[in-house]
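Novice: Below, each chain spelled out in residue letters.
Protein chains: 2
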Amino acid sequence: MIRPHWPVRSLGAIAAALLLPGLARAQDTLRVTSPDGRNAVTVGVREGVAYYAVERAGKHVILPSRLGFTFRGARSLGDSVRITASARAGADTTWSLPWGEVARVHEHYNELRVGFAEIAEPRRQFTVVVRAFDEGIGFRYELSGAGGFGDFEMTDERTEFTLADDARAWWIHANVPRPDRYEDLYSSSPVSVIDTVQTPLTLEMQSGVVAVIHEADLVDYAGMSLAGHYESRTLQVALAPWADGVKVRGHAPFVTPWRTIQLADRVEDLAPSLLGLELNPPRRIENTSWIRPMKYDGIWWGMHLNVYTWGQGPHHGATTANTKRYIDFAAGNGLSGTLVEGWNVGWDGNWMQNRDGFSFTQPYPDYDLPGVAAYARSKGVSLIVHNETAMGIENYERQLDSAFALYHRLGVHAIKTGYVNDKTAAGDSHTGQYMVRHYRKVVETAAKYQIAVDVHEPIHDTGERRTWPNMLSREGARGQEYNAWGGEGGNPPEHESILFFTRMLSGPMDFTPGIFDLLIKRQTGKPRSPDEPRPRSTLAKQLALYVVLYSPVQMAADLIENYDRQPAFQFIRDVAVDWDTTRVLAGRIGDYVAVARKTKSKDEWFVGAITDEAARTLDLPLSFLPNGRRYVAQIYADAPNASWRENPEAIRISSQPVTSATRLHVVFAPGGGQAIRLIPAP
Amino acid sequence: MIRPHWPVRSLGAIAAALLLPGLARAQDTLRVTSPDGRNAVTVGVREGVAYYAVERAGKHVILPSRLGFTFRGARSLGDSVRITASARAGADTTWSLPWGEVARVHEHYNELRVGFAEIAEPRRQFTVVVRAFDEGIGFRYELSGAGGFGDFEMTDERTEFTLADDARAWWIHANVPRPDRYEDLYSSSPVSVIDTVQTPLTLEMQSGVVAVIHEADLVDYAGMSLAGHYESRTLQVALAPWADGVKVRGHAPFVTPWRTIQLADRVEDLAPSLLGLELNPPRRIENTSWIRPMKYDGIWWGMHLNVYTWGQGPHHGATTANTKRYIDFAAGNGLSGTLVEGWNVGWDGNWMQNRDGFSFTQPYPDYDLPGVAAYARSKGVSLIVHNETAMGIENYERQLDSAFALYHRLGVHAIKTGYVNDKTAAGDSHTGQYMVRHYRKVVETAAKYQIAVDVHEPIHDTGERRTWPNMLSREGARGQEYNAWGGEGGNPPEHESILFFTRMLSGPMDFTPGIFDLLIKRQTGKPRSPDEPRPRSTLAKQLALYVVLYSPVQMAADLIENYDRQPAFQFIRDVAVDWDTTRVLAGRIGDYVAVARKTKSKDEWFVGAITDEAARTLDLPLSFLPNGRRYVAQIYADAPNASWRENPEAIRISSQPVTSATRLHVVFAPGGGQAIRLIPAP
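Here the protein sequences come in this chain order: A and B.
Position 237 of the first sequence, counted from 1, bears residue number 237 in the working numbering, the numbering being contiguous throughout.
Position 102 of the second sequence, counted from 1, bears residue number 102 in the working numbering, the numbering being contiguous throughout.
Calculated from the structure, these hints are not laboratory results.
If you're wondering where the values come from, they're calculated on a predicted model, not measured in any experiment.
Errors might be hidden in some of the hints.
What the hints assert, rightly or not - Straight line, CA to CA, 20 Å or less: simulated SDA-like cross-link-like pairs of lysine to any residue:
(1) K448/B with P281/B
(2) K602/B with G380/A
(3) K59/A with K59/B
(4) K59/A with R528/B
(5) K423/B with D619/A
(6) K448/B with A614/A
Construct all of the structure, not just a fragment, from the sequences and the given hints.
Specialist: This is how it looks when you write it as structure tokens:
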């Protein structure tokens with residue numbers, strides 16, 4: 001084609017003005033670098049507009065990009081300002097996590113605070129706080145009450161991210177076509193092609209830098225997504241609105257969530273992703289002994305297969321007898337929890353419309369809640385109580401205290417919540433300020449009653465588990481269940497190797513691995529064809545997912561009957577759910593990943609490695625092991641004839657002696673994986 | 001999440017009904033296989049609905065998928081039918097192309113014709129013709145005039161493609177946000193995530209099969225795109241409408257274009273892509289001596305850089321003197337053509353709105369068209385005359401005969417046409433039936449005057465060059481020009497390695513490689529930064545593109561000043577534009593590709609290899625060379641310190657003796673490439 005006008009640079013206004021370095025006057029810019037000097041953030045004012053920019057190792061990552069806000073009934077803020085003050089600080093501390101993919105976090109950053117004031121009346125003020133870490137950067141706004149700035153209705157946060165190049169983004173839609181449920185399959189596109197997408201947004205830049213845009217410490221604000229603009233490298237913060245269009249209601253002084261950009265030179269260096277934790281406040285729960293990472297089984301997959309029902313009837317899953325069977329299985333197999341869905345009144349009929357009808361205390365007649373809870377306690381198993389809200393938030397909040405008090409009395413320390421439905425009756429989506437407040441309220445209320453929470457259909461993770469470690473895990477991505485019934489025929493084999501480098505960078509996910517009946521023949525007695533919905537995975541890959549996809553609660557998701565006489569189930573018995581250390585050994589987004597994790601406070605390592613639809617081999621050096629020590633590798637590998645299509649359950653279990661000098665030769669079947677336990681040689 | 005109703009299979013209605021094999025009664029299905037027996041097409045009726053299905057090597061590719069149409073003012077066709085007749089045929093012939101990426105085509109297929117008739121009145125009839133080739137399949141509809149079926153207004157073609165798995169698709173948008181210009185950057189997504197996309201659509205299936213959906217022999221119909229449906233594996237034919245919403249106007253008997261599915265086991269086997277040619281009618285031009293593949297220079301890039309203007313003024317590019325300079329350069333450097341844009345009246349002011357104002361015969365006062373044409377002839381150079389229509393189709397068609405007659409008189413045998421603007425004044429897009437007719441009319445009219453055509457902003461290629469070999473090349477993708485001014489900062493380094501496996505499967509592209517001033521310092525005297533628009537390519541990659549991106553007309557696109565004293569320009573002098581054979585040596589979509597092509601009727605080969613933003617190495621066996629013969633490889637490689645960002649023009653030119661036993665070790669810089677000429681050793 002011919003472009004009628006040129007040069008057409010659809011950069012952000014600030015980036016276009018500032019593309020050539022050296023234009024800004026020195027007194028109008030301030031700069032802070034990470035402790036290692038590699039990440040640098042510049043904050044400044046150009047033609048009255050507040051902006052920031054990010055570099056890594058001398059390469060531009062974010063070109064000068066706008067900062068600011070618009071409001072209903074008040075002038076926009078940030079486009080007619082000057083810098084009035086600045087201050088510097090920093091921290092270099094190490095702190096422990098009660099549980100996690102690492103045991104300790106070294107929090108080391110340099111901080112720059114830049115005060116802005118409007119040039120003219122009403123001379124409102126705000127501060128941009130920047131923290132530069134070796135692993136990325138974060139910045140947030142502090143809105144001052146100066147200039148009579150009190151109650152506000154924010155209509156947009158104008159923060160922009162103008163990428164230095166048209167990076168390839170790995171994205172899922174935000175808002176369309178399925179509102180804010182994060183349950184899309186991933187696409188990848190140049191930034192200039194994407195529409196509005198969820199975070200974390202992983203960007204492979206042409207410069208070689210890998211950047212991940214996300215947010216941290218989301219407490220009383222709308223959740224962030226990112227809006228792209230056709231033929232532009234500028235992404236803009238997009239906030240989910242209240243029903244009346246306002247994005248955020250607040251009162252200055254007010255502090256926003258952090259906008260975070262994780263930075264790395266290789267995708268393998270993205271995990272463990274700790275930047276978000278470092279930008280959340282310290283722990284608010286002193287005694288965490290009741291918060292237990294655990295493996296669990298449950299009455300769940302059977303409903304997805306139509307073997308059980310949530311509601312009452314001849315196939316009701318959550319009966320006392322069936323639950324005891326699951327508790328017995330857990331107790332006998334080193335699982336610490338049993339989840340029961342469909343135990344409470346509200347499921348009969350069209351429960352999706354039953355926003356006001358769920359009871360969170362009243363069980364169905366065939367379910368003896370106190371009896372089951374006592375039975376679980378007697379077996380040393382945690383009952384995980386399920387709370388499906390159907391987005392009936394008021395109904396749930398009314399019952400929160402009474403329900404959680406009941407669970408506490410019954411010795412229950414964990415719940416799984418659910419928020420099926422795109423919106424509340426009032427029209428609030430999962431990611432708006434109303435629901436952000438709600439999700440937080442549930443976690444804080446649960447903490448009072450010593451209850452840990454696993455949220456399905458959540459808001460995305462913004463690191464709140466540092467402050468509230470009873471915020472255990474969440475869904476917030478496309479999990480195993482889509483392999484039971486998805487119109488797509490099940491998640492593509494590449495799905496988890498994308499999740500690892502995208503969604504999982506925000507925090508734990510309750511993916512629910514461990515399907516052993518991979519042909520789903522239990523349902524009808526005959527195997528499903530490769531064209532039908534079923535896991536596009538080998539058995540060894542199901543095991544590897546326990547290591548690859550981090551969660552402090554990991555389900556053995558299949559019907560317990562399907563674990564009968566399965567030697568491979570030993571891996572699920574053995575695998576840890578709490579870790580000292582995590583190392584990514586190899587990876588490429590959408591193709592494969594291999595991860596090693598060291599069991600918390602134990603001389604034991606696990607390796608999980610997965611591939612996509614392609615058979616491939618990896619040579620994995622075990623150099624993470626201590627030098628000079630002998631280990632035994634218990635290897636759960638794809639059998640030579642395995643493939644997700646034809647022979648998914650073919651597994652080969654073997655042992656071999658290894659040391660830190662060993663290079664393991666991993667051979668993957670199509671859709672395959674490998675799970676390895678490393679224990680000291682006897 | 002929890003799915004309220006299940007199993008939810010968003011397959012096409014037919015696929016859902018027919019998912020389990022063996023349900024259809026034998027007499028209702030017919031089957032045809034390719035000569036090698038690996039590709040099979042089934043055509044049948046189920047519950048009155050006509051369908052087809054495709055397998056390759058026993059793996060499902062297309063599950064049973066609907067066939068049929070809807071009309072304005074008439075009942076839909078295809079959903080209440082029975083099979084009334086069938087016939088079989090086939091062909092096994094070899095024919096020559098006057099020019100191409102191969103010299104000869106072996107057309108070998110088995111054909112099945114299936115006659116359908118409506119069960120009830122008006123008992124309309126149609127035939128589905130299927131051809132199964134080793135390289136893929138094609139099918140088309142023949143609408144009979146039976147049942148009083150005469151004039152029709154088709155509102156939809158209901159052909160569906162229900163993929164056997166949720167394949168990863170490499171796609172560009174259709175219709176949104178930029179109507180039907182094919183000039184997007186590519187995204188990749190599972191089929192269940194895509195919206196409406198252009199063809200060819202390349203699909204990497206989880207089964208390992210690679211499938212490419214496209215069309216062939218588009219003559220008097222609307223261009224096809226494919227509409228996806230969220231959480232479904234079914235793609236549906238989407239046709240660009242007339243302004244009144246009707247998709248296709250016609251009169252039965254009527255034949256539709258072919259719907260084609262190229263099939264391969266590896267992406268490397270997709271090229272050369274000849275299926276579309278095989279499904280077009282034989283050549284209609286007997287004497288093709290005036291149709292000449294050629295390299296050309298031209299007054300073009302200078303306009304994109306703002307060095308020249310299309311319109312009149314002090315920087316007008318298309319002056320007599322400047323044109324003669326370009327002709328001289330072509331004549332002195334083995335280029336056979338010179339393109340001149342902006343030579344004719346119509347460019348001044350806002351030419352995009354000048355749909356009625358362009359003259360295709362009247363030059364600007366500073367451009368002596370007859371003199372320039374005579375000068376070109378005297379130098380043995382073809383003048384390539386530019387016709388920009390601004391989508392003023394009536395204005396162009398009014399002048400077609402007089403303009404082409406003039407060009408013929410002047411000895412001009414090639415034009416480049418242009419169709420900037422999204423729609424005609426009446427609202428017709430590039431891909432609707434109106435424009436399909438127009439594009440075809442230009443080619444046929446041009447043939448009468450012995451003029452070959454290179455179309456910019458075209459309809460996609462559907463193999464018409466077999467019938468009309470004066471249909472030389474076209475744009476129809478994002479080419480080099482976006483590196484001059486794109487808001488994205490230039491095409492990502494991966495772009496061409498995606499084009500090869502997507503757009504290029506439909507036919508030649510006038511990409512216009514050969515930019516040597518890669519920092520674009522000629523424009524302002526200072527190099528552009530890596531953040532600004534410029535080719536994200538090394539110099540060696542610019543050379544490699546002549547081999548990788550096939551076109552019978554290849555531009556040396558830079559300002560000729562920039563070729564001055566450039567040793568690397570020798571490759572452009574040498575490289576062929578017409579080929580006996582094409583072999584893909586290695587490739588992965590979006591990462592890299594290496595192609596070998598044998599010069600037409602000459603013992604000479606060229607290899608082009610390109611990478612994306614990643615430095616990498618490839619070992620290329622030269623086993624395509626004849627055994628026991630010695631060749632010299634003239635190698636244009638990225639210099640050790642080259643990279644598109646910092647040092648794009650660093651090239652190392654060397655020679656080495658090679659044989660068919662040699663494995664060339666190719667080392668790519670980031671954004672790099674390698675171009676090789678192989679000639680017999682002296």
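Novice: Decide, hint by hint, whether the structure agrees.
Specialist: Evaluated hints:
no. : hint               : result
1   : K448/B with P281/B : 18 Å, holds
2   : K602/B with G380/A : 81 Å, violated
3   : K59/A with K59/B   : 48 Å, violated
4   : K59/A with R528/B  : 15 Å, holds
5   : K423/B with D619/A : 55 Å, violated
6   : K448/B with A614/A : 52 Å, violated
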